[in-house]
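All chains should be modelled from the sequences, with the hints used to inform the complete structure.
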Amino acid sequence: MNHQTERLYLYPVWIRIWHMTNALLCLILIITGLSIQFSNPSTVVKFNAAVTVHNLAGIILTISYALFFFGNLFTSNGLHYVIPVKGFIMHLKKQFYYYTVGLFKKENAPFPVDEESKFNPLQQLTYVVLMYGFVPFVIISGWGLLYPEMTVYSVFGISGLDLTDLLHIGTGFAISIIMCVHVYFCTIGKNPISNFKSMINGYHESH
Amino acid sequence: MIYKANIRPAWVVLVLLMLSLLAFTMIKTSDTSSPVNEKMESEQEKPAITDFSKFKNAGENEKCFKCHGQSKYSFENPESEKTITKRMYSELVMNRDVFYLSNHREFKCTDCHSEDYETFPHAGNLRMEAIATCIDCHGGDEKYAKFEFEKIDTAFLASVHSEKHNEDFTCWMCHDAHTYKINARSNENLKQTITYDNLICLNCHGDLKNYQLLTDKAKPNILNKHDWLPNQASHFTNVRCIECHAKNEDTLVVAHHVVSKKDAVRKCESCHSKNSILYASLYKYQVSEKIEKEGIIKGLLMGESTSIGPDKSNTLNIISLVIFALTMLVIIIHAAFRIKK
Chain W
219 MNHQTERLYL YPVWIRIWHM TNALLCLILI ITGLSIQFSN PSTVVKFNAA VTVHNLAGII
279 LTISYALFFF GNLFTSNGLH YVIPVKGFIM HLKKQFYYYT VGLFKKENAP FPVDEESKFN
339 PLQQLTYVVL MYGFVPFVII SGWGLLYPEM TVYSVFGISG LDLTDLLHIG TGFAISIIMC
399 VHVYFCTIGK NPISNFKSMI NGYHESH
Chain E
26 MIYKANIRPA WVVLVLLMLS LLAFTMIKTS DTSSPVNEKM ESEQEKPAIT DFSKFKNAGE
86 NEKCFKCHGQ SKYSFENPES EKTITKRMYS ELVMNRDVFY LSNHREFKCT DCHSEDYETF
146 PHAGNLRMEA IATCIDCHGG DEKYAKFEFE KIDTAFLASV HSEKHNEDFT CWMCHDAHTY
206 KINARSNENL KQTITYDNLI CLNCHGDLKN YQLLTDKAKP NILNKHDWLP NQASHFTNVR
266 CIECHAKNED TLVVAHHVVS KKDAVRKCES CHSKNSILYA SLYKYQVSEK IEKEGIIKGL
326 LMGESTSIGP DKSNTLNIIS LVIFALTMLV IIIHAAFRIK K
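Order-wise, the sequence lines are chains W and E.
Numbering (this note's numbering) for the first sequence: 219 to 425.
Numbering (this note's numbering) for the second sequence: 26 to 366.
Mixed in with the good hints there might be a few duds.
To be verified - Derived pair list, reagent style DMTMM-like, types lysine to aspartate or glutamate, alpha-carbon separation capped at 20 Å:
hint	chain 1	residue 1	chain 2	residue 2
1	E	Lys366	W	Glu325
2	E	Lys365	W	Glu367
3	E	Lys216	W	Glu325
Said to hold, decoys possible - Here's a subset of chain W near chain E, in silico, CB distances under 8 Å, partners left out:
hint	residue
4	Phe265
5	Asn266
6	Leu291
7	Gly296
8	Ala327
9	Val370
10	Cys398
11	Val399
As the list claims (entries may be wrong) - Distance windows between CB atoms, simulated:
hint	chain 1	residue 1	chain 2	residue 2	range
12	W	Asn273	E	Gln217	30 to 38 Å
13	E	Asp252	W	Pro330	55 to 63 Å
14	E	Arg363	W	Met417	19 to 27 Å
15	E	Ala361	W	Phe306	26 to 34 Å
It should be emphasised that the hints constitute simulated quantities derived from the structure, not laboratory data.
Quick reminder that beta carbons are idealized off the backbone N, C-alpha and C, glycines included.
Structure below.
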């Protein structure tokens, strides 16, 4: 190990298990979701199978999200998701500058990972929007589609079910895009695979 | 860097969720509309026609409606010189309001029925009168060519109804000429078309009395027979029975070739796919009309076809694809610069 490398135990077992479960479920949901959305008789995953797996994965995601939600409500991990209002825009600009310019000039990261702040401001904003906006919305709209009679019949003349469907798909798509960017940003670490290793052994490596 | 903990977003979400739940409960309890309710309400609220005289043959027809327009009729008995009131058989009662809203409202009763009916009491042999079917009037007439009555007749003759019951099953079983009102071509209210068409099937398949007019078999329970169908209630209110139980023909607006149970559609993909059979049947007019009139986005939003799953709008697909491609492009460029440095 490089003598300059600092190892921080940042990801306890429950977070790693939750994260892996979440990643797997998201992948399954995206694949089956696309199969449902673009279904035709020759699709690899048949419609009935895709719907069953999608529903099942959605139910497990709800449980997994509940664990995340209450875990972050009552443990110190939740503090990482608290956005400080003061100076936040400036911090965002700094982080954006780092990703677009500073990184290529070998500058140091403006907000290095430490035990008290494992997310940089850009990560923090993305994760809050994702985990407290998009994910609960996609879960609730998903349950609405699972029990269509529960949805409001009509919203300003538009079918409530269709609106739920459109918003569920739209949010699912937004989550998929964020997931792609998330996986890419994970390659920005000590080396391209160090962040992936962190999510297995729990240790964040920095230098 | 330490971020001071103020309010965890989870609490904000929790409060928002509670408020949303409250709002939802309030909306849901006040939202009593449903396709069936709407249909019933529209029937109830439909203003009764008070002035029948504006219809071409109303004066002549009133001679018949005088007795057949309600559930009882009265006549003078010349022998006893008393006014006798009797009950009209429900099958022979014709509702004026419904008749004058129907497509055949300009007709005279005696255009189709014998003029001998003008005499009361009606002669017994009039019961033997042949009843005209749709093709008898509409077949071979240029005026009705666009409705393809000949093709409808061919499709109907090939149907399981015609095959099993021969001449006992006529157009009248589903379409009463006194009440028939065209509705499938406008798509003004898709839900009403669905309810209207499904009630035609349920008139026999949901009513033992009518079902056993043509068979001695016990009527199958429709709900049990369809228990394999996910979200049964949603399917029953959002598509018509004929979507799965009739063979669609391109040129016909409404499929009349009702097939036997074993040939009914059972595969989800038949409807839930890009090449959904619904686009050639239920949404035939709606898809083209809505998108043409209201543009792709509004047409899609206002349409009632989006819940079927497949990609419905090329515009939205293209937008999604462009967003995805741009994201990937930015990632590739960023990665390329990192590798280069």
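Interface hint check: W/Phe265, Cβ to nearest Cβ on chain E, cutoff 8 Å. Holds or violated? holds (4 Å)
Status of the given 30 to 38 Å range, CB of E/Gln217 versus CB of W/Asn273: holds (31 Å)
Given a cut of 8 Å on the nearest C-beta pair, is the interface hint for W/Leu291 held or broken against chain E? Holds - the Cβ of W/Leu291 comes within 8 Å of chain E, reaching about 4 Å at its closest.
Between the alpha carbons of E/Lys366 and W/Glu325, is the straight-line distance 20 Å or under? holds (12 Å)
At a threshold of 8 Å, is the proposed contact between W/Val370 and chain E supported by beta-carbon distances? holds (5 Å)
What's the verdict on E/Lys365 and W/Glu367, does the C-alpha distance respect the 20 Å limit or exceed it? violated (56 Å)
Between the alpha carbons of E/Lys216 and W/Glu325, is the straight-line distance 20 Å or under? violated (63 Å)
Check the following: the C-beta atoms of E/Arg363 and W/Met417 are separated by a distance inside 19 to 27 Å. holds (21 Å)
For the hint on W/Val399, does the least C-beta distance to chain E fall short of 8 Å? holds (6 Å)
Restraint outcome when W/Ala327 is required to lie within 8 Å of chain E by C-beta distance: At 11 Å from the nearest chain E Cβ, W/Ala327 fails the 8 Å test, so the hint is violated.
With 8 Å as the cut and Cβ atoms as the points, is W/Gly296 at the interface with chain E? Hint holds; W/Gly296 Cβ to chain E Cβ min 5 Å, cut 8 Å.
Restraint satisfaction for W/Cys398 [CB to CB of chain E, less than 8 Å]: holds (6 Å)
Violated hints for the displayed structure, listed by number in ascending order: 2, 3, 8.
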